[in-house]
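Assemble the whole structure, with the sequences as input and the hints as a guide.
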Amino acid sequence: MSAVTDARGNYTLEWPWDSYFNHFELVAGVPVHSRLENGRTGDTVQELARQEITRRVEAGSPAVVAVTIDNRQFLDNFRQFLASIKTDDQRKVYQEMGRPDRIRNVRYPSYLESSWWYFEAGRVYRFRDGRLEQVTPFDPVRGF
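As numbered in this note's numbering, residues 1 to 144 make up the sequence shown, in order.
Derived by calculation from the structure, the hints in this document are not laboratory data. Hints are not guaranteed to be accurate.
Claimed, not checked - Ranges of calculated distance between the beta carbons of each label pair, as one might list FRET restraints:
1) V135 / G29: 28 to 38 Å
2) R8 / Q134: 37 to 47 Å
3) F74 / T41: 32 to 42 Å
4) Q80 / R50: 16 to 26 Å
Treat the numbers as computed from the prediction; the structure is a model and nothing was measured. Here a beta-carbon is modelled for each residue, glycine too, at the ideal position from N, C-alpha and C.
In C-alpha cells, the structure reads:
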C-alpha cells in the first residue's frame with residue numbers, strides 16, 4: 001500500500017486489519033523515471049528511509065510515525081536535476097531514457113553544454129543551452 005504526502009508532508013494510511021500480518025515497516029521513497037533491466041523506461045521507487053513500526057501498530061490506532069530522511073543527498077540531487085530540465089529536448093530524453101547516470105555541465109562564455117551519460121545504454125546526450133546537439137554511442141558499461 002502507498003500514500004502520497006500533502007503539501008505539508010502529512011500522510012495517512014488506512015487498511016482493514018488482518019491478524020495474519022505481524023510485521024510492519026514504513027518506507028519513504030520517491031518515484032524516479034529510470035531505465036529498467038528490460039531496457040524500457042518506467043518509474044522505480046528510490047528508497048529514502050525505512051522504519052520498523054510493528055510495536056506502534058500493535059499498540060493501537062492511530063499509530064503516529066514521523067519519517068526522517070537522514071541522507072538527503074539523493075533527494076537534493078534529484079530535485080536539482082528535475083529543476084534543470086528546461087526544454088522540450090531535455091524532457092523528451094528524460095522520458096525516453098530516464099534519469100542519467102552522470103551529468104557534466106561546462107559553462108562557456110556564450111553557452112552552457114550539458115552531457116547526460118547513460119552507461120548501460122551506451123549513449124551520451126549533449127545539449128547546448130538545452131537544445132539536443134548530439135547523441136554519441138559508446139560500448140555499454142554494466143554496473144557492478
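>> For a quick check of understanding: which of the numbered hints are violated here, in increasing order?
In response: 3
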